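In the order they appear, the protein sequences are chains A and B.
First residue of the first sequence? That's 11 in the working numbering, and the numbers climb one at a time after it.
First residue of the second sequence? That's 494 in the working numbering, and the numbers climb one at a time after it.
These are computed hints drawn from the structure, not numbers from a lab.
Do not rely on the hints blindly, as some may be mistaken.
Stated by the list, open to error - Derived lysine-lysine pairs resembling PhoX-like cross-links, with alpha carbons at most 25 Å apart:
{"id": "1", "chain 1": "B", "residue 1": "Lys614", "chain 2": "B", "residue 2": "Lys549"}
{"id": "2", "chain 1": "A", "residue 1": "Lys147", "chain 2": "B", "residue 2": "Lys614"}
{"id": "3", "chain 1": "B", "residue 1": "Lys551", "chain 2": "B", "residue 2": "Lys614"}
{"id": "4", "chain 1": "B", "residue 1": "Lys614", "chain 2": "B", "residue 2": "Lys793"}
{"id": "5", "chain 1": "A", "residue 1": "Lys147", "chain 2": "B", "residue 2": "Lys660"}
{"id": "6", "chain 1": "B", "residue 1": "Lys660", "chain 2": "B", "residue 2": "Lys551"}
Stated by the list, open to error - Here are some chain A residues the structure puts well away from chain B; computed CB gaps all over 12 Å:
{"id": "7", "residue": "Ser16"}
{"id": "8", "residue": "Pro22"}
{"id": "9", "residue": "Gly46"}
{"id": "10", "residue": "Pro95"}
{"id": "11", "residue": "Asp97"}
{"id": "12", "residue": "Glu120"}
{"id": "13", "residue": "Asp166"}
{"id": "14", "residue": "Leu172"}
{"id": "15", "residue": "Val187"}
{"id": "16", "residue": "Phe191"}
{"id": "17", "residue": "Leu221"}
Every value quoted in this text rests on a predicted model; they were computed, and no experiment measured them.
Positions of the beta carbon are idealized from the N, C-alpha and C atoms, including for glycine.
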Amino acid sequence: MIATESLSKRYPRVTALDRLSLDITPGVTGLVGANGAGKSTLIKILLGLSPATEGRAEVLGLDVATQGAEIRERVGYMPEHDCLPPDVSATEFVVHMARMSGLPPTAARERTADTLRHVGLYEERYRPMGGYSTGMKQRVKLAQALVHDPRLVLLDEPTNGLDPVGRDEMLGLIRRVHTDFGISVLVTSHLLGELERTCDHVVVIDGGKLLRSSSTDEFTQATGSLAVEVTDTDACPDGTAALHAALAGAGLATQPAGRAADGTPASGRVLLVDVVDDTTYDTVRDAVVGLGLGLVRMEQRRHRIAELFQTDGGSHEAAHGRPVETGRPHERGTADAA
Amino acid sequence: MPPETLAGPGGKPAQDVIHNIGYRHYDGPRLGRGYARRSLFSQSLRGAYGLGRSAKSKVLPMTLFAVMCLPAAIIVAVAVATKMNRLPMEYTRYAIYLQAVIGLYLAAQAPQSVSRDLRFKTVPLYFSRPIERVDYVVAKFAAMASALFVLTATPLVILYAGALLAKLDFVEQTKGFAQGLVSVALLSLLFAGLGLVVAALTPRRGFGVAAVIAVLTISYGAVSTVQSIALARDNSDVIGWLGLFSPITLIDGVQTAFLSAHSAFPGGHGPSAGGGVVYLLVVLTAIAGSYGLLMSRYRKAGL
């Protein structure tokens with residue numbers, strides 16, 4: 011889908027991209043990086059709107075330097091910022107954008123109706139967009155990127171500004187763009203956890219350099235953990251702490267209570283236990299029974315991708331062995347959002 | 494999850510079950526840049542009269558259009574009723590006479606055409622599609638000029654039709670009408686360019702409106718005041734050259750020199766044929782310059 015070869019973009023003062031070589035296959039690919047990591051610059055180059063200083067890039071087998079117009083005909087783009095005029099309806103707006111992509115008038119109308127339905131806009135599509143909620147606006151922005159049936163869409167921070175429910179819906183929609191519509195997706199975000207659920211493949215860039223590129227499965231396989239919550243009893247006034255000690259004694263690695271796997275603060279009553287193999291479950295059960303505690307829940311959790319990059323893309327063991335990385339990904343997340 | 498997920502990727506269209514169609518791919522033609530440019534042109538031209546937009550946005554352009562045509566209709570009615578042997582107003586004089594209306598129209602519609610796209614950041618959506626900067630600028634420029642041409646040429650058509658109805662001299666009227674059309678065509682291009690450049694400077698529509706009005710009225714006010722002073726001091730040569738400094742007097746100068754119009758300058762001291770060449774050059778430079786400025790304005794406005 012996308013291939014770049016030592017792609018660099020230098021401005022007089024900053025280097026936005028530094029010899030970036032990527033090979034992105036069909037599917038949903040997440041592009042992660044802090045603001046200023048070079049995500050937007052990369053998208054601009056991929057759309058053929060900004061020449062690279064050196065190196066080359068191909069999108070859908072077309073050269074970005076010479077075939078920009080052909081690329082833009084087959085690629086959809088959803089910008090990060092608001093881009094909708096408030097006084098026209100979603101239908102009118104998307105029809106216009108479809109025609110701008112080269113669709114004849116009748117086809118533009120049909121595709122608009124279809125696409126808006128697929129992204130989940132029904133009656134409200136005839137109303138002026140000024141009255142839409144953020145979630146609806148994001149859907150229209152996605153619709154205008156899909157209306158000409160591209161083979162690839164570039165989505166720039168599609169979950170920005172959405173509440174948790176809206177975020178989940180948008181992520182589900184993005185997943186469907188690939189599974190149901192058969193359109194490949196490149197989605198940027200500065201939140202790794204989000205992409206874990208949506209993407210087949212994650213590319214991390216920082217300072218214009220490639221930090222890591224691998225499939226989401228590789229990241230999260232065999233790094234499962236178990237969330238355990240227990241009650242307190244008279245014998246053990248602090249059941250969680252008692253279980254923590256017991257499990258440590260049994261040789262299981264546990265995150266300290268009150269800390270989620272990615273280091274962010276979590277409920278003080280949930281203990282995260284690393285799953286080594288199937289016997290781990292038995293060990294936990296036995297420990298709970300041995301202490302006479304009530305088991306509230308025991309559920310499987312995957313490690314967050316975020317954890318894997320806690321030490322700037324260093325090996326996951328390194329990040330893993332150190333329980334103290336206090337809330338760093340969290341801080342990063344908020345700093346990026348600013 | 495909506496029901497359409499039930500159909501697999503590239504689901505087959507099932508015409509009889511509306512709620513269960515999967516995603517359908519588009520295999521039809523993609524008409525490319527030229528078509529997109531034409532679509533943008535027609536959308537902008539229609540938009541300049543509020544067509545395809547809310548009823549509210551039709552009020553002002555349509556009112557101004559009516560105001561523009563009304564005097565022509567009255568002139569025709571009078572000419573036909575009183576059996577005049579010539580129209581009481583030259584074709585070339587009409588736009589000069591109603592310049593305030595043209596100015597208002599431009600001030601209202603030029604920001605509508607370009608400031609909105611800048612303000613709501615729609616411009617990146619255009620440039621992420623096959624069209625390029627030049628297509629966008631050309632389409633917007635042509636649409637604004639065409640809208641102004643419709644505004645200024647329609648009254649001339651009414652005058653001409655009336656003149657023929659009143660059985661005035663056909664050759665003389667046709668010549669006057671043709672000269673009038675050339676003049677308003679130049680005027681449309683010049684005004685569209687200036688209006689769009691001023692409007693594209695600011696994403697705020699209100700500022701755009703005020704700035705366009707200011708550019709047109711202040712320059713005209715200043716030029717005609719100084720011209721009047723020059724006339725009072727019997728300095729008639731200067732009057733001809735002063736007209737170079739405001740858009741409407743530029744058009745006046747060109748049509749006085751080449752389109753056998755009578756100048757509306759104080760004392761009727763329009764430029765000579767030699768001066769007219771300078772006027773024409775300035776007009777053409779201003780049009781080309783506006784185009785160049787718009788192009789550079791949108792260099793930065795991409796993604």
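So, going through the hints one by one against the coordinates:
About 23 Å separates the Cα atoms of Lys614 of chain B and Lys549 of chain B, which keeps this hinted pair within 25 Å; it holds. With a C-alpha separation of about 14 Å, the suggested pairing of Lys147 of chain A with Lys614 of chain B holds against the 25 Å cut-off. At roughly 23 Å between alpha-carbon atoms, Lys551 of chain B and Lys614 of chain B fall within 25 Å of each other, so this suggested pair holds. Between Lys614 of chain B and Lys793 of chain B, the direct Cα distance comes to roughly 12 Å. Compliance with the 25 Å bound is thereby established for this hinted pair.
For a cut-off of 25 Å, the pair hint linking Lys147 of chain A to Lys660 of chain B is broken: about 60 Å separates their Cα positions. As the CA atoms of Lys660 of chain B and Lys551 of chain B are separated by approximately 36 Å, the hinted pair breaks the 25 Å bound. The Cβ of Ser16 of chain A sits about 23 Å from the closest Cβ of chain B, beyond the 12 Å cut-off, so the non-interface label holds. Remark: the non-interface label on Pro22 of chain A is consistent with the geometry, its nearest Cβ contact in chain B lying 15 Å away (cut-off 12 Å).
Look at Gly46 of chain A: its CB is around 15 Å from the nearest CB on chain B, clear of 12 Å, so calling it non-interface holds up. Distance to chain B contradicts Pro95 of chain A as a non-interface residue, since its nearest Cβ pair spans about 5 Å, not more than 12 Å. Chain B draws Asp97 of chain A into its interface by the beta-carbon criterion, the shortest separation being 6 Å against a cut-off of 12 Å. Not every CB of chain B lies more than 12 Å from the CB of Glu120 of chain A, the least distance being 9 Å, so the non-interface label is violated.
Residue-level check failed: Asp166 of chain A sits 9 Å from the nearest beta carbon of chain B, not beyond 12 Å. Even its closest Cβ contact with chain B, about 18 Å, leaves Leu172 of chain A beyond 12 Å, as expected for a residue assigned away from the interface. Against the 12 Å criterion, Val187 of chain A falls within the reach of chain B, whose nearest CB is about 9 Å from its own CB. Not every Cβ of chain B is farther than 12 Å from the Cβ of Phe191 of chain A; the closest lies at roughly 4 Å, contradicting the non-interface assignment.
Under the 12 Å C-beta cut-off, the non-interface status given to Leu221 of chain A relative to chain B holds; the minimum distance is some 24 Å.
Hint compliance for this structure: hints 5, 6, 10, 11, 12, 13, 15, 16 are not met, and every other hint is.
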